[in-house]
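Let the hints inform the model, and build the full structure from the sequences given.
Those protein sequence lines, which keep their order, are chains A and B. The numbering used here puts the first sequence at residues 248 to 618. The numbering used here puts the second sequence at residues 248 to 618.
In short, the hints are calculated from the structure, not lab data. What you are looking at is a predicted structure, and each value in this text was computed from that prediction instead of being measured. Do not take every clue at face value.
Since the list gives no way to pick out one identical chain from another, each pair is judged satisfied if it fits inside one copy or across any two copies.
To be verified - List time: in silico BS3-like cross-link candidates among lysine-lysine, alpha-carbon distance up to 30 angstroms:
#, residue 1, residue 2
1, 330, 348
2, 473, 330
3, 263, 330
4, 249, 263
5, 509, 348
6, 473, 509
7, 263, 348
8, 330, 249
2 protein chains.
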Amino acid sequence: MKTTHIGLLGLGTVGKGVVEALSHQNTVVIDKVLVRDVTHHHSNLPLTTDIHEILDNPDIDIVVEVMGGIDPAYEYLATALQKGKSVVTANKEVVARFGPKLMAMAREHRQGFLFEASVGGGMPILDALTWHLNATPIHAVEGVVNGTTNFILDQMEQGMDYQAALQRAQALGFAEQDPSADVDGWDSARKLSILAGLAFHSWIDAENGYVKGITEVRAAHLHRLKEMGFGVRLVARAERHPSSIGFVVAPTVYPLGHRYLKLAGSQNAIGIFSDAGTTWIEGPGAGGLATATSIVSDIQRIRFSVPDRDPIQFESLPVENINDAYLIFAEDPERPLPVIAEALKSGPGYLILPYELPHEEGFVQYRYRAK
Amino acid sequence: MKTTHIGLLGLGTVGKGVVEALSHQNTVVIDKVLVRDVTHHHSNLPLTTDIHEILDNPDIDIVVEVMGGIDPAYEYLATALQKGKSVVTANKEVVARFGPKLMAMAREHRQGFLFEASVGGGMPILDALTWHLNATPIHAVEGVVNGTTNFILDQMEQGMDYQAALQRAQALGFAEQDPSADVDGWDSARKLSILAGLAFHSWIDAENGYVKGITEVRAAHLHRLKEMGFGVRLVARAERHPSSIGFVVAPTVYPLGHRYLKLAGSQNAIGIFSDAGTTWIEGPGAGGLATATSIVSDIQRIRFSVPDRDPIQFESLPVENINDAYLIFAEDPERPLPVIAEALKSGPGYLILPYELPHEEGFVQYRYRAK
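Printed below as a string of structure tokens:
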């Protein structure tokens, strides 16, 4: 078996996981690792701060990118493909924004471009969605794809206010110092773009969807919902409508016992709904070694398969203003909320707390989708 | 894109699902369908009763087998590979018994041999296990992989005795007229052989494992367990031990609320436990269209990938007599069963009802694994 040579961009938590996971593979070698500052790393690895030592090295077959961010990652990956290297990336920002463009480049240059780690870090979701679940038309894809918000919502449910819960998450390393991508819903929205793109063959710009984070969720509401037998999770959902795509990321209410409320730690859950039935995949959504398994899997798939797979023909479907599909009502929190309970009990109720509306004194406002 | 020509062996529920699913694919054509009796089918399809019209037809690229049974299916598939055709099969008997042999033949003749539909009919489990989940060492694979026994156990829990529950399952089409493979545990055991073989790279002969079906489960026990807050499912589990494989299929007790007890209809659930975390896949375990999606997915993977993937080197590990790892005790069913409750509450309790022992008057016998 021919040895495959890797150029690794980034050596954070995931990068170190990739190094560890590849240490078990004796026909895959890391030739060079791009870091920002060589003196920050105590490592026997062949470090460099010069991207050209990777992009211009004809020995390197696959560029593995775990730096994150659009700039300069996108340029590096586009250049790698143009120079005839395959690319494996964990970068959801780049894939959500430039996925079809990079796929087209990869086909043009007959290279592999895989990004399993970009959604549900350690879960086998994207390849399954591309090949298996897509064999019959998909109606909807939905999931809890952000572990940080799970942790914060759990803490708040136990009475902590939002700021205190966020600080606790940061202190324990579950949230970034700049948590905005997680708590504002954009991390989930980018992942949903990728899921919806592969499910519906129409790549969604999340900016056109309804994206609402958890920053306006109130601990008192969560506490009260819990007493009533409900819990809240930040849920991302895309639906195939006749000539559009419904796209929503929002805090959503579920009855206790629902799988979303049982997810522990960084576990994520993603459901795919099609004529053939419903498939759920639950697994580690983050973590160095877990995310690295997705990357190693992509590397092996590229090593053992022809890159010019059947080109997915992307359609350009409009994003539906899914807001219109929801009914808003307000209710006195001091009184029972039979409407919520009924909506949830009478089937696959889908209920959203719309915190963008002003909170009137003594009232919580809710919206739910008209059936 | 070159048209791919299919020879289909079998036109039962799954075969018809394959025909339907392939009708959406305009570069895949079914050239010939092998049936037992042409007059039994009202169909525009090119039917034949002569296997040579498929095996000797040089135009046919991929043989898709959905007949079931070892004989003559195994011979047909081996011959197809030797004649330079790729093979896709849903046949768990053939794969459990001859998997590594057929994989070796496929490599020798540089053809694809895929069998996603053989375990968890419509679930994306085997490819994920082969490529993704295997990127870090797997400790255990476990699941509810037989929907028929779920249905029977559910009926019995509501008070029906075993025979009546089985007859109801047969009347509704959930159980075969000869239900032995399902209720005796061998359907689950064959699927576990395949899962364990791909997870541990050691192919297990299920005959060497501990395989116990549900035929001796008593409705009274189920009813009593339910009152105590527990339910029973037929669970298949294989574990990687230092120099052996633990292999068990047995009725197992879980606290209510466990995912296994929530599986509806033909839904299956399979968990993979590794250093990278735990991944669960839940989806349709049977059904014509669901199983057909696995087959179409395999066809597409063969069309777009090189068949000579890295040969899995199978080790030959002994199967542990997992019976030894279980402690048996008997208890008066009229009194509470605190030991069961404690065992289940104190962690990943794993509890088996061993119905092979005589049921002493007034006693139920249990075994659970020593921690």
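What are the numbers of the hints that this structure violates, sorted from low to high?
2, 5
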